[in-house]
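> What follows is the residue order along each chain.
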Amino acid sequence: MKNPVQTLTKSVTVNDNPFMKPIEWLSLAVLALVLLVVLPSLLDAFRLNLVGKYLTYAFVALGLVICWGYAGILSLGQGCFFGLGGYCMAMYLKLEASSVENTKIQSTPGIPDFMDWNQITALPWFWKPFQSLPLTLILVVAVPVLFAFVISAALFKRRVGGTYFAIITQAIAAILTILIVGQQGYTGGINGITDLRTLHGWDIRTDGAHTILYFVNGGLLIGCILIAQFVKKSKLGRILVAMRDKEDRVRFSGYSVAGFKVFAFCLAAAFAAIGGAMFTLQVGFMSPSFVGIVPSIEMVIYAAVGGRMSLFGAVWGTLLVNWAKTSFSESFPDLWLFGLGALFIAVVLAFPNGLAGIWREHVEPRLTRRVKGLRAPPPAIVPHGAPAE
Amino acid sequence: MNAAILPGSVIGANPNAPEYLLAVDALTVSFDGFKAVNDVSFYVDPNEIRVIIGPNGAGKTTVLDLICGRTRASAGSIKYKGQELTKLTESAIVQAGVGRKFQTPSIYDDLTVFENLEISFPRGRSVFGALTFKRDAQVRERIHEIAETIFLKDQLLERAEFLSHGQKQWLEIGMLLIQDPELLMLDEPVAGMSVGERIKTAELLNQIIVGRSVLVIEHDMKFVEDIAHRVTVLHQGKVLSEGSMERVKNDPKVIEVYLGH
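Respectively, the protein sequence lines represent chains Y and L. Going by my numbering, the first sequence wraps up at 389, each residue one higher than the last. Going by my numbering, the second sequence wraps up at 261, each residue one higher than the last.
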């Protein structure tokens, strides 16, 4: 910090690309502190479980930061992947809850109750893998990612992008909902998969289990933030930004653009799937109402409110919007959706970078000035563009 | 150096080793029946600066689009070092050693000059490669070297959006240079530049020509005279004239359709 020129050359030649800047480490520490210490100690089991449910959406918002914020791929169908992850987990839990002993009053004992009601007499083939927990844990991520891969590879290889892609993802969300609702015997229909009890013999319905699941969820979320941070910091992250700006320039720099888009979309799907599975575990059921168009758009709003370029913003945005949703929809159930719509429009128009943007433009400079004011003497002028130390 | 990064182009393995770096033969493309490029043939030697001139709508940019794979040819062939380009994907063409600059500066506004150059560095072009790409000393040195060549060494950490128009053009040329292409295609590299910037660009082109061929589209005749080894004149999708600047300038057909006004 003694000589600006020296700082400049040094920052170019030595470590100009650290995994996380100090401010980012600080943001992570604050988030971890709030999620893993402050909230658990302040909230009762019921409220904590509610926050845990909100946080499962944060996985989706996190994926949207990479996919939409960085790569510029707006997906209005993230509910598909959230739902598929959730359904995979629910199928395992349902099979465990449908032991022969528990279902002996059915005409075919040992299969889920809704199958029995729909005159299905044997477990369908695609349910069979979910009898195994390790296989389920793999499929929770693999099924949605494979689905995302097929969709995105088909579309991006044909250079379908932008609005068209968004509309198609929305259509897929609608189709998947209709499919799940229509195939009641195989999926539980409109009610979804309910009455889930144990995970490998461990009762997930107790307050104690909810608390443990909350911490698992928090830990997974922080893990996903770190993965997203790694992607963002890698050259791949910069290629995503470059692609969003000038797709052709990236293509004519020797990259297969479609491959990178597929990666971003699949990563977002994987995050959403983990969120979905954690949702099922914490809330105790999965239904088509978390798959369709409305939840998919709500998830985009979480990312927009938090700031679509900010990993931490996505988490805070999700918490804030869901907290608002719970508070307002209790008092004004009819007005809530209008409020949500208005919030989205307001954010897009006034704060395109969401909460994170407000923080970066208004709060952070003030904090920095405060902190610098305490330190004497004031540091030399940092050359424009040099990374903050 | 080039051979090392171009696994697809093993000249030694080819019995009919080409003498031309680029051979465009009877190239035709039609858009809904309109032939934007009609039976165009020309040949570019190694280490040659070839300039394509012609009035608006002559098909100059389309020719570059065809070579780099952005537009698919309806008929004809484009051979680069004996390798047929018309069937390759855009990224494979780049990896074979063809670099292309667009007409308007096409750079990444949200990234720094350093990062712009880094993305063009020919390593880690697969998804996995990009994830594990390390910004090592070799990358840094090369970026610094290129930045020096394109007069941007003091702007490395600046966001590209804040560069002047001329600097953006240079940056894009630099992004191509770092790929070390054997054939460099530039679409109007001095359009919108000041006189001083034009002189510097001509100097830059003469400096980077070593070891590669350059195909330039340009309207500025003074600039063309400064740099061109040979000139190809296109008119209504066809080659009207070809040869040295001197010859082309005195060709009555060229004077009539292009230089006359």
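Worth double-checking, as some hints may not be accurate.
What the hints assert, rightly or not - One side only, chain L facing chain Y, incomplete, derived with CB under 10 angstroms:
no., residue
1, T86
2, K87
3, T89
4, G99
5, R100
6, F102
7, M175
8, Q179
Hints were generated in silico from the structure; no laboratory data involved. All C-beta atoms, glycine included, are put in the ideal place defined by N, C-alpha and C.
> Next step is simple, just say for each hint if it's right about the structure.
Hint check:
1. T86: 16 angstroms, violated
2. K87: Result: violated, 16 angstroms to nearest chain Y Cβ.
3. T89: 7 angstroms, holds
4. G99: 8 angstroms, holds
5. R100: 5 angstroms, holds
6. F102: 7 angstroms, holds
7. M175: 7 angstroms, holds
8. Q179: 7 angstroms, holds
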